[in-house]
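In order, the protein sequences belong to chains U, G and R.
Last residue of the first sequence: 171 (our numbering), numbering continuous.
Last residue of the second sequence: 1169 (our numbering), numbering continuous.
Last residue of the third sequence: 2890 (our numbering), numbering continuous.
Among these hints, one or two may not hold up.
[Claimed, not checked] Mimicking BS3-like on lysine-lysine, the simulated pairs with C-alpha atoms at most 30 Å apart in a straight line are: (1) Lys53/U to Lys2158/R; (2) Lys2159/R to Lys2082/R; (3) Lys2264/R to Lys2243/R; (4) Lys6/U to Lys17/U; (5) Lys2828/R to Lys1005/G; (6) Lys2273/R to Lys53/U; (7) Lys2012/R to Lys2027/R; (8) Lys1016/G to Lys2432/R; (9) Lys1071/G to Lys2158/R; (10) Lys1046/G to Lys1005/G; (11) Lys1005/G to Lys2158/R; (12) Lys1022/G to Lys2273/R; (13) Lys2027/R to Lys1022/G; (14) Lys2496/R to Lys2243/R; (15) Lys2153/R to Lys2012/R; (16) Lys2098/R to Lys53/U.
FYI, nobody ran anything at the bench for these hints, they're computed from the structure.
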Amino acid sequence: MLNEVKEAITAPLEVAKAMGITLKQFLRGPVTNQFPDEPAQVYPRFRGRHALKRYENGLERCIGCALCAAACPTECIYVEAAENTDEDRRSPGERYAKIYDINMLRCIFCGYCAEACPTEAVVLEHDFTLAEYDRWDAVYSKEQLLEPNNPEYLVVRDDEVFVKADTWSSK
Amino acid sequence: MWSEKERQELDKILEKYPPDRKMSAVLPALYVVQRRKNYLTDDDIKDVAEALDVTVTHVHSVIGFYTLFRKEPTGKYMVQVCTDLPCALRGAEDFYHRLCERMEIGSHGGTTDDDLFTVEGVVCIAACDKAPCMQINLEFFESLTDDQIDEVIKRLRQGESLTAVAANY
Amino acid sequence: MSDQVTLTIDGKTVTVPKGTLIVEAAKQIEQEIPVFCYHGKLSQVGMCRMCLVEVGTPMFDRATREPVLDENGVQKIGFFPKPMTACTTPVSEGMVVKVDSGAALDDRKAVLEFLLTSHPLDCPVCDKGGECPLQDLTMKHGSGISRFNYEEKQHFPKKYPLGDLIVLDMERCVICTRCIRFQSEIAHDPVLAIENRGRHAHIVSYSDPPFDSHYSGNATDVCPVGALTTKDFRFGARSWEMKNVPSICNHCGVGCNTVLGTRKGGSGTGQLKRVMPRQNETVNELWICDKGRFGHHFNESPNRLTTPLIRQDGQLVESTWADVLPFIGEKISSIKSANGSTALGGIAGARLSNEDLYLFQKLFRQIIGSNNIDHRVGLNANFEDTTAYTVGVGVGTDLSQVGKGSTILVIGSDLDQEAPILYIRVAGASVKRSAHVINIGGRRTKLDAQAQTSAYYQYGTASYLVLGILASVVAQGLVNQEWIDRHATGFSEITKLLQDFAPDSVADTTGVSSAEIEAIAKSYAEAENGIIIFGHEAGNDPALGAAIEALAAVTGHAGKPNNGVIAVLPHANSRGAADMGVVPNRLLGYLPLEGEAGLSAEQMLSGNSIKGMIIAGADPASESDTYRECLQNLDFLVVQDLFLTETAQLADVVLPAKAVAERDGTFTNLERRVQTFDVGIDSPLLAWSDWLILAAIAGQLGADWGYASADGVMAEITQEVPLYQNMAFENLVAPVSLDRQTDHYIYEGMSFTADVHEGIQWATVAENEQQKITLQLVVPENHTGSDEITLVTPRILYDGGRLLAETDVVQSHVFQTRALLSSVDAKKLGLNNGDSVTISQNGTAVNLPIQISRMLNEGTILIPRNIEGRPAERLVGSSDVHASVKVKKS
């Protein structure tokens, strides 16, 4: 008996609450991103096209160790290494990547390559506009990957929600 | 090349070893050739290798193992101080640095300006119980104090013979 | 007491022969004890301490020698207070070993921490990464952290060239001394050593040139870390990226088993990244020589033939198979109808596979109808060995097992140069296993240092010497009459001839004293096992082969394992070429030829009866001007080869062939072992296998052979050649039995395994109870001693052959054209190193700089065969080995 009374009072409140959310979303306006007329928004940890990084002094970070290729589940990375000489120095140590190709058609953007990289040379950046007219153009060479790639049509959002470590450890 | 006198000396050394074990005479043979310049040149090493039928590499390996053979020019007196653990516990490491400073060659060994002394820190000269100790060429100086260092250096610089100086220690 | 010892390792009981080391006993129960410095082929030093285990033995009362029992009446086990090295401690009865328990695990962890105090953390760029025992053991046993200060690491140069071919990264070295021990114990080139001690210890080589050895590449294989790497493979590929293809080395007749490390490139074409040895205890154990390891870069040479060429208006122009094949058919048919089939001839190089050579002789004998075929050009000279057919080493011969009680007679061969891995095995039999090695030659060779007995004959008298030995065997009554009765006929006839060759009478001619001859005869005849190895410098007198055959038969050293004769032939398939009957006077399988014999290579290339020729994988034009002239005068010449050789430049049609790494097939090695090789990499697009080219030519001449693959050809060979009846591909590639694999220790840490075949030997006449050997002796050519200097022309490893010429990395090792002169003669003529001399013989004169050599006897001058400019061939002719020459200062 008591429960039924309770329910008669709370039920309309719950409905009103739910309708309130609907109303709020209704008033918020559309979320559709008018890309490419407007910049696309991506979160900082969005995994898009790879880039090969350099040190501040301009030397390549990549040492051609091919651990990225070994970690890659789709085998889309091909690396061939060569030796630095004093005349032609590409990276700080003895070894650099002579060839570094990524086949973007095969890549599943899992980020294992960046995870495996011992020098943090290969990272997945935000560019996702990888459509090509010719499938051979989807194989990105080392030269392409080394160029800074910050297209204007990308905006990195800064409102990414990070779960603080202490909040989930207390649960 | 072996001089006549050296050749005789070598033959005497070789008498002690069986003819097919000439290799065993590497150490005494090296002492003979090191007397030429007080250090070993590539030619000296080749002489030993050829005389004893061993490879040049083998002779280099023996030289590298023993601290009494040198491949670089050194002073007339080779001063070696052990700085390994047992000696260091008796203060040999500090003693070594002080010795170097007194000879004005920094604190990590080297050759004095008058090319008389070369100081070097080594591992074990088999006198741990009497550390700090030093070995000058083949003579031992044990349980040393700083004053004694000065005296030894002074007397050797004045031209006294090493054996005479060593007799007092 | 029994020779077996029973012990317990981690609770498991194992029984092993006395003297076995704990580490080997543990391997039998598949309990791995980690090692770095231990290597089954090398001596034990116990340097790295990685194999520390706890060892206990049954306790006995010291006074009474009674067993000490615990409360349950079981004998107590007394453990040694300190851990022991499993790699140097032999097992004993009742021993208890703890491998995977408390103290041993702690020790292992501590040793790894020490080894890693100075080891750089550069696994990502290290060539050993992925197949590195240190990496594996650190993952398995390491502590994960180090208590040592990273800043205090010992630093050495990262890339120190230890020799021309080997690079040392001393920071990675763990001073296990495996490389040093390999060089002094196996290669007998003690050119590596440790200099300094403690943390400053490092590997050095002071030889001139540095790391002067034919076996330096093996040091990189035995290295358990990435300290030693080969120059050509540096950063070539990661070990896991390569596909490993079993192959056979094609540089000499030993037939070393190799693994081709191949990688598909970004563009899809295969690249041959490295060649490594594949373990085969009966052929090459774990080793290959540097020529085999580094001499593969000719495959990717830009000078390779990529398309058929045809001569138009005097120029060779590119063409297609569809155009050239009908043209070849047409030309051959027209020569055949105009001049008869005997106007056609063929030369097939002994580098071709059995399948190629079989089809080559089939093409000529069955389709063209000519016996004018031969393989004996170049290094094969005019020499044909048939001793292998009658008294070759018995099936099951394994030189790595030959030891005490055996005698190995090496006659006229510098094995270190002619067949390097054979040298390692013969020297090992002598040094490690106390076999009696007798080295007989015209000059000192490297084997003299390991041989117990050496004798030096005058060049040209090797056959006299062997006859002298044979006569001495008969005279001393050391004849194995029972064996002769069962396997041979004609013994009584040869004894008559031998009376002229008593040791006393040949001593003067040969320069070997009768006492020496008698001692050699006694040692060889009385040995339990006897092997004769004879090579190029013994000469090509037919009397030699006959005498050697008789010597092996008369002493009964044939027809059983570890007994018999090995002829050191030059090329990868010289043996197979003889088996396949690519000779003018015999059919395949050593069957006699009915009717008239054809012309030999030398006859074909010197006369003018031949109008058209097919030359496959041989380059006679480079050898002599006579040959070149003859080839120029031919009406029609087809050449199939890898490169546009001097012979190919004279051809009317040049056909691009595939290299060994690009195709499959079989080779037969010196010990008659037939072995297969697989396809490793892609060939130039239009190159064909030689057998396919020959089948296509036969097709143009009306034959319908229909071979689809090399194993199809082999299937026919098994039908046609009784000796090869077991050699079908499926037998040759059958995996080895599992119990053989247990001692395949090179593969610790390697990214490939050795589960492949070891080849099959065919049986000799001596092993066949139905057949008998007919003993016959030939009276040797008259030898007249001369006061002039004898020019000797041995074969060497790094010669001026085309395949090496196309391999950049070994160029600094290739023999610089010069002559070697003994120091006595040099003094007589007033010559110093580098002086130029004129060497003349019968109107031919050659100017060469000289080098004074301690290895030569007085009155000898040495010029290797097949070097730049071919001075040796010009002076002695292409079929002789030595000649008397005049030498004077120029």
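Lys2159/R paired with Lys2082/R [C-alpha distance capped at 30 Å]: The hint is violated at about 39 Å.
Holds or violated: Lys1005/G to Lys2158/R, with C-alpha atoms at most 30 Å apart: violated, 45 Å
Hinted pair Lys1046/G and Lys1005/G, Cα distance within 30 Å: Holds, because 18 Å separates the two Cα atoms, which is no more than 30 Å.
30 Å limit on alpha-carbon distance, applied to hinted pair Lys1022/G and Lys2273/R: Distance of about 45 Å is beyond 30 Å: violated.
Pair hint outcome, Lys1071/G versus Lys2158/R [Cα-Cα no greater than 30 Å]: holds, 24 Å
Pair hint outcome, Lys1016/G versus Lys2432/R [Cα-Cα no greater than 30 Å]: holds, 28 Å
Restraint status (C-alpha distance of Lys6/U to Lys17/U at most 30 Å): holds, 17 Å
Hinted pair Lys2264/R and Lys2243/R, Cα distance within 30 Å: Measuring from Cα to Cα gives roughly 8 Å; hence the hint holds.
Pairwise hint evaluation, Lys2243/R against Lys2496/R, where the allowed Cα distance is 30 Å at most: violated, 61 Å
Holds or violated: Lys2273/R to Lys53/U, with C-alpha atoms at most 30 Å apart: Judged against 30 Å, a Cα distance of about 29 Å means the pair holds.
Hinted pair Lys2012/R and Lys2027/R, Cα distance within 30 Å: holds, 12 Å
Given hint Lys53/U paired with Lys2098/R - CA-CA distance at most 30 Å: Not OK: Lys2098/R and Lys53/U at ~50 Å, beyond 30 Å, violated.
When held up to the earlier numbered hints, the structure conflicts with 2, 11, 12, 13, 14, 15 and 16 and fits the remainder.
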